[in-house]
Structure formats: C-alpha cells, structure tokens
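*Asks:* Keeping the supplied structure of chain L fixed, place chain S upon it in accordance with the hints.
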Amino acid sequence: AQSVTQLGSHVSVSEGALVLLRCNYSSSVPPYLFWYVQYPNQGLQLLLKYTSAATLVKGINGFEAEFKKSETSFHLTKPSAHMSDAAEYFCAVSPSRMDSNYQLIWGAGTKLIIKP
Amino acid sequence: NAGVTQTPKFQVLKTGQSMTLQCAQDMNHEYMSWYRQDPGMGLRLIHYSVGAGITDQGEVPNGYNVSRSTTEDFPLRLLSAAPSQTSVYFCASSYSPIRNYEQYFGPGTRLTVT
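These protein sequence lines are chains L and S, in that order. Using the working numbering, the first residue of the first sequence is number 1, and each one after it goes up by one. Using the working numbering, the first residue of the second sequence is number 1, and each one after it goes up by one.
The set of hints was computed from the structure by calculation and includes no laboratory data. Any given hint could be a false lead.
[Stated by the list, open to error] With the Cβ distance kept under 7 Å, some of the chain L side facing chain S (calculated, not the full set): (1) Tyr39; (2) Gly43; (3) Leu44; (4) Ala108; (5) Gly109; (6) Thr110; (7) Ile113.
[To be verified] Rough simulated footprint, nothing fancy, chain L against chain S, three-plus residues with beta-carbon under 8 Å: (8) 13-22; (9) 45-59; (10) 101-114.
[Unchecked claim] To list a few chain L residues with every Cβ distance to chain S over 12 Å, as calculated: (11) Ser9; (12) Ala17; (13) Ser26; (14) Gly62; (15) Glu71; (16) Lys78; (17) Met83; (18) Glu88.
The C-beta atom is built at its ideal place from N, Cα and C for all residues, glycine as well.
Just chain L, with the same shape it has in the complex (with noise of 0.2 Å):
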C-alpha cells in the first residue's frame, strides 16, 4: 500500500532563511505528488503538484520541490522564509491506477513556524 511519511510535525526557521519541508512516499509505481498549504482557519491549497514532465517543480509564492526517484522523496523548499509562509502543509500522493478506490494517501503535515 501506498504511504506518504513528513519528518518534523514542527519545523521553526527564522525569516530569511531557508525552508526546507521533507516528504518521502512508498510506491510501487511512479506516483503523482502534490503539496497543500493551510493557512490558519482555512482550507487546503495546492502549492505545486509534480506531472511527471520535469523533477523539480515551481509552486505559488516562491515554494518549489524536487522529485527524486531514487531517493522517493518530494521535499519542498523555498530559498528565503516570509512571515507569510506560517501556516501547516501537507504532502500527498495521488493513485495512479483506478483500482485504488480513489483515496488520495495523505502525510500528517508539517506546521511550519516563522521565527522573527
């Protein structure tokens, strides 16, 4: 069965720094992969989903992740932290065959803190 694993419940990096979200899945065939950001009190969004055309993906609000097979992880990261950025996101795996009764395998997501 597919899983999708986010090291770090809690991620707190200082602004201007470096973000980097860690998310490695299971699979036994090449997965679609997605991040969702939830700001405070709404719901989830897309940042950036990987189709498989290039491995390293370019999201909304300077966020980009690198697919890499070998390693089956899809972390996400952004050069330089924004107070903006506070918010928890999430890792997920789409199924790729129709016999997976449709169930989108999520991480447990990662809050990430802006520290000032």
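*Replies:* Just chain S now, kept in the frame of chain L:
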C-alpha cells in the same frame, strides 16, 4: 465561481443529536469527498463520490452517511453525534480522483460534540 462552499462554519451538538453538513461546488466536478482533520493525524477520508448517485466509504465512515443526488451537492449526515466526532470537516472536489488533478477544498466546518 464560488468554488467549494460549506455550511455551517461552526456547530456545537449534544451527544446523540443528528445534523447535516452541507457542501456544494459550482465547477461541475464529478469527484467529491469529505475529510475530517484532527491534530497530528492529517486528513482522513470519510466518504467520497465519483458522480451523482455513486458514493463509497473512505477510511473512517462509521457514524456518517452521504448521498449525491446532484453533481453540485454532497451533504454529510451525522446520525447520532458522539464526542469522538469533534473535528474539523472539509469537503473537496476534483475533476478526477486519480492522476494529477487538483482537489479544491471548502473552508471547513468546525464541529464540537459535548
């Protein structure tokens, strides 16, 4: 487009009461789903639908019912509320549940059962 809308935003129920959480989307999406979000547990799928008249159970369906009579609406019914159902509930829709189609989320309903 309004996207995905959910009502109510907040609700307090007593144990044993029933209620319906409303969800509607105006994007003509075939796939709709209900999740609950609890601290440290990410999102857990309750029920989903791949089109009008078709629903199925997700990871945590017990205590909840759904129906899909139209493409636009996908209400979630709590049959007899329990404190364990205290959570934040999100409705989502997508063109397709598979491959790389984005899911669009509503703003959520925060439910407390006392």
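*Asks:* A separate judgement is required for each hint: does it hold in the structure or not?
*Replies:* Evaluation of the provided hints:
no.: 1; hint: Tyr39; in the structure: violated, 11 Å
no.: 2; hint: Gly43; in the structure: holds, 4 Å
no.: 3; hint: Leu44; in the structure: holds, 5 Å
no.: 4; hint: Ala108; in the structure: holds, 4 Å
no.: 5; hint: Gly109; in the structure: holds, 5 Å
no.: 6; hint: Thr110; in the structure: violated, 10 Å
no.: 7; hint: Ile113; in the structure: violated, 15 Å
no.: 8; hint: 13-22; in the structure: violated (count 0)
no.: 9; hint: 45-59; in the structure: holds (count 6)
no.: 10; hint: 101-114; in the structure: holds (count 7)
no.: 11; hint: Ser9; in the structure: violated, 6 Å
no.: 12; hint: Ala17; in the structure: holds, 25 Å
no.: 13; hint: Ser26; in the structure: holds, 16 Å
no.: 14; hint: Gly62; in the structure: holds, 19 Å
no.: 15; hint: Glu71; in the structure: holds, 20 Å
no.: 16; hint: Lys78; in the structure: holds, 20 Å
no.: 17; hint: Met83; in the structure: holds, 22 Å
no.: 18; hint: Glu88; in the structure: violated, 9 Å
The structure is inconsistent with the numbered hints 1, 6, 7, 8, 11, 18, although it conforms to all the rest.
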